[in-house]
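Each residue of the sequence shown is one higher than the last, beginning at 16 in our numbering.
Simulated from the structure, these hints should not be mistaken for lab results. Ideal placement from N, C-alpha and C gives every residue a C-beta, glycine not left out. There could be a bad hint or two in this list.
[Stated by the list, open to error] Here are the simulated distance ranges between beta carbons:
(1) LYS105 x PHE85: 34 to 42 Å
(2) VAL88 x PHE118: 42 to 50 Å
(3) LEU92 x SER123: 47 to 55 Å
(4) TYR126 x ASN106: 22 to 30 Å
(5) PRO86 x GLN45: 42 to 50 Å
(6) ARG46 x ASN70: 22 to 30 Å
(7) ARG46 x VAL91: 27 to 35 Å
(8) LYS82 x GLU30: 27 to 35 Å
(9) SER89 x GLN45: 44 to 52 Å
[As the list claims (entries may be wrong)] Calculated pairs, SDA-like style, for lysine to any residue (alpha carbon to alpha carbon, straight line, at most 25 Å):
(10) LYS27 x GLY52
(11) LYS26 x ILE64
(12) LYS41 x GLN60
(13) LYS82 x GLN68
(14) LYS105 x SER89
(15) LYS27 x ASN70
(16) LYS105 x ALA116
(17) LYS59 x THR42
(18) LYS125 x LEU111
(19) LYS27 x ASN48
(20) LYS105 x PRO119
(21) LYS26 x PRO86
(22) LYS26 x ASN70
(23) LYS27 x LYS59
(24) LYS27 x SER73
(25) LYS82 x ASN70
(26) LYS26 x GLY66
(27) LYS27 x LEU54
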Amino acid sequence: MTRIERSYSIKKKREALALTSQVGIKTASQRLNIPRGTLFDWTKQAEAIYGFQGNAMSRFLKGQGRKEIFPAVSDVLTNGFSSQKPQAAKNSYQGLEETRAEFPLSFSSKYEAFRGGGVLNVDDTGILFDMPPIKSWAGRG
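Turn these sequences into a full structure, and let the hints steer you where they fit.
Structure (structure tokens):
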């Protein structure tokens, strides 16, 4: 004869515990047709069953599973990743226009010694550095 595995809701467990506290485990087991060992285990877990805050029709106490070595991993992983919230511009358009008008004047007065051919365009100058071949763009070969 095979053994039937039964699962009971939290509500049913609470009712069984209430009956067990009134008439005892053996009588409650006979009335509810629940094995005595199951009722005995529930009396050990009575505090957790009565303290359960979830759905009463749930069949299991939550919280089982692998314990985390480092608590709150999900909070640490999402640190700094929040949805971007709309915010007002830090500078008004009028302030930006003033900065745009003032910058060329201040730049030319600050660096007037470098007029004409004094500034070299280094973007077009090819410079070779001593570097290993693996770090160069050529790759291997």
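Hint by hint, here is what the structure shows:
Taken as a hint, the range 34 to 42 Å holds for the pair LYS105 and PHE85, whose Cβ atoms sit roughly 37 Å apart. Distance hint check for VAL88 and PHE118: the Cβ-Cβ separation is about 47 Å, which falls inside the suggested range of 42 to 50 Å. A beta carbon spacing of about 50 Å between LEU92 and SER123 agrees with the range 47 to 55 Å that was offered as a hint. Distance hint check: the CB atoms of TYR126 and ASN106 are about 25 Å apart, consistent with the given range 22 to 30 Å.
For PRO86 and GLN45, the Cβ-Cβ distance of about 45 Å falls inside the hinted range of 42 to 50 Å, so the restraint holds. A hinted range of 22 to 30 Å for the beta carbons of ARG46 and ASN70 is consistent with their spacing of about 25 Å. Roughly 51 Å separates the CB atoms of ARG46 and VAL91, a value that falls outside the hinted 27 to 35 Å. At roughly 31 Å, the beta-carbon separation of LYS82 and GLU30 lies within the given 27 to 35 Å, and the hint holds.
SER89 and GLN45 have their C-beta atoms about 47 Å apart, which keeps the hinted 44 to 52 Å range intact. Proposed proximity of LYS27 and GLY52 is supported: the alpha carbons are some 16 Å apart, at most 25 Å. Between the alpha carbons of LYS26 and ILE64 the distance comes to roughly 9 Å, so the proposed pair stays at or under 25 Å and holds. In summary, the hint linking LYS41 to GLN60 is supported, as the alpha carbons are separated by about 18 Å, within the 25 Å threshold.
Distance check on the hinted pair: LYS82 and GLN68 sit about 20 Å apart at the alpha-carbon level, within 25 Å; holds. This hinted pair does not check out: LYS105 and SER89 have alpha carbons roughly 32 Å apart, beyond 25 Å. Taken as a hint, the LYS27 and ASN70 pair is honoured in the structure, with Cα atoms around 12 Å apart against an allowance of 25 Å. A C-alpha spacing of about 18 Å is found between LYS105 and ALA116, which places the hinted pair at or below 25 Å, so the restraint holds.
A distance of roughly 18 Å separates the Cα atoms of LYS59 and THR42; the hinted pair therefore holds under the 25 Å criterion. Distance check on the hinted pair: LYS125 and LEU111 sit about 21 Å apart at the alpha-carbon level, within 25 Å; holds. The hinted pair formed by LYS27 and ASN48 meets the criterion: a straight-line CA distance of about 12 Å does not exceed 25 Å. For the proposed pair LYS105 and PRO119, the alpha carbon gap of about 22 Å is at most 25 Å, so the pair holds.
A threshold of 25 Å between alpha carbons decides the hint, and for LYS26 with PRO86 the separation of about 31 Å lies outside it, so the pair is violated. Between LYS26 and ASN70 the CA atoms are separated by roughly 9 Å; this keeps the pair inside 25 Å, and the hint holds. Between LYS27 and LYS59 the alpha-carbon distance is near 16 Å, which keeps this suggested pair within the 25 Å criterion. A hinted pair counts as satisfied when its Cα atoms are at most 25 Å apart, and LYS27 with SER73 qualifies at roughly 10 Å.
The suggested pairing of LYS82 with ASN70 holds, with an alpha-carbon distance near 23 Å, which does not exceed 25 Å. Annotation: proposed proximity of LYS26 to GLY66 holds, straight-line Cα distance about 12 Å (limit 25 Å). With a C-alpha separation of about 11 Å, the suggested pair LYS27 and LEU54 falls inside the 25 Å cut-off, and the hint holds.
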